[in-house]
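There are 2 protein chains.
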Amino acid sequence: MKRYRSMIGLRPNKIEEYKRLHAAVWPEILSNIKECHMSSYSIFLHQLPEGNHYLFSYLEYTGVDIKADSARMAANPKVQDWWALCKPCQEPLSNRAEGDWWSNLEEVFHAN
Amino acid sequence: MKRYRSMIGLRPNKIEEYKRLHAAVWPEILSNIKECHMSSYSIFLHQLPEGNHYLFSYLEYTGVDIKADSARMAANPKVQDWWALCKPCQEPLSNRAEGDWWSNLEEVFHAN
Chain A
1 MKRYRSMIGL RPNKIEEYKR LHAAVWPEIL SNIKECHMSS YSIFLHQLPE
51 GNHYLFSYLE YTGVDIKADS ARMAANPKVQ DWWALCKPCQ EPLSNRAEGD
101 WWSNLEEVFH AN
Chain B
1 MKRYRSMIGL RPNKIEEYKR LHAAVWPEIL SNIKECHMSS YSIFLHQLPE
51 GNHYLFSYLE YTGVDIKADS ARMAANPKVQ DWWALCKPCQ EPLSNRAEGD
101 WWSNLEEVFH AN
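Protein sequence lines correspond, in order, to chains A and B. Just so we're aligned, residue 1 is where the first sequence starts under the working numbering, counting upward by one. Just so we're aligned, residue 1 is where the second sequence starts under the working numbering, counting upward by one.
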């Protein structure tokens, strides 16, 4: 199992919409997460002192090829519909890696 | 089980020291984490586009009173020695809640 954590900006005028969407995630999205070998998926929110809001995701991946599973997730039409609602709420970090939407964080410690 | 996530700043001149410390956490600290009913404890690091570095912690709490367990952790002399090394590396967020060192994040989504 491998842990992935990432972050992204959340537009200030979209905070309530994003929270509302995630209080009732579609069943197809939840089952797709499992099918793509991801679990313990959580998203947290925080406002930094300078005023910007950020989202922080955490997930545990139990498959063998996260690139293939991520591509399978991205190809799912229902996921595409879901992302069409979520992405306008988000503001990717300008220093993210090429091709990324969320920015991956570096793990410096883990204890089971 | 309840999930806790928090964040704090990391001083730019202390990044390597913090990573070095956390690449070899003392056994007494690891066993104390378990004794205080905390597991899946991880810390991630990321630099925001404006240049500041931040640490993000994630843990799962399986006890019944996290305030009591946190107080027990803080009273452990070995933990106090460990924190005396870690705290000078960290820079708490100015908008943290009173009495906090790390800032707690708000959970907006979770799927098992």
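Read the hints as simulated data drawn from the structure, not as lab findings. There may be inaccurate statements among the hints.
Copies of the same chain look alike in the list, so a pair counts if it works inside one copy or between any two.
[Stated by the list, open to error] Mimicking EDC-like on lysine to aspartate or glutamate, the simulated pairs with C-alpha atoms at most 16 Å apart in a straight line are:
hint: 1; residue 1: K78; residue 2: E17
hint: 2; residue 1: K67; residue 2: E35
hint: 3; residue 1: K87; residue 2: E16
hint: 4; residue 1: K78; residue 2: D100
hint: 5; residue 1: K14; residue 2: E35
hint: 6; residue 1: K78; residue 2: E107
hint: 7; residue 1: K19; residue 2: E107
hint: 8; residue 1: K87; residue 2: D69
hint: 9; residue 1: K34; residue 2: E60
hint: 10; residue 1: K19; residue 2: E106
hint: 11; residue 1: K87; residue 2: E35
Given the structure is predicted, the values throughout are model-derived calculations rather than measurements.
Verification of the supplied hints:
For the homomeric pair K78 and E17, neither the shortest alpha-carbon distance inside one copy (19 Å) nor that between copies (45 Å) is at most 16 Å. In the homo-oligomer, the alpha carbons of K67 and E35 lie at most 16 Å apart inside one protomer (14 Å), although the nearest pairing across protomers, at 37 Å, exceeds that limit. Taking the shortest Cα distances, K87 and E16 sit within 16 Å of each other inside one copy (14 Å), while across copies they are farther apart (34 Å). Taking the closest pair of Cα atoms, K78 and D100 never come within 16 Å of each other, the shortest separation being 20 Å inside a single copy and 41 Å across copies.
Proximity of K14 and E35 under a CA criterion of 16 Å is satisfied in neither setting, with 29 Å inside one chain copy and 41 Å between copies. Within a single copy, K78 and E107 get their C-alpha atoms no closer than 31 Å, and across copies no closer than 24 Å, so neither meets the 16 Å cut-off. In the homo-oligomer, the alpha carbons of K19 and E107 lie at most 16 Å apart only across protomers (10 Å), although the nearest pairing inside one protomer, at 27 Å, exceeds that limit. Taking the shortest Cα distances, K87 and D69 never come within 16 Å of each other, neither inside one copy (20 Å) nor across copies (39 Å).
In this homomeric assembly, K34 and E60 come within 16 Å of each other (Cα to Cα) only inside a single copy, at 11 Å, whereas the closest approach across copies is 20 Å. Proximity of K19 to E106 under the C-alpha cut-off of 16 Å is restricted to the inter-copy arrangement: shortest distance 11 Å between copies versus 26 Å within a copy. Taking identical chains as interchangeable, the C-alpha atoms of K87 and E35 are never at most 16 Å apart, the minima being 22 Å within one chain and 41 Å between chains.
Checked against the numbered hints given earlier, the structure breaks hints 1, 4, 5, 6, 8 and 11 and satisfies all the rest.
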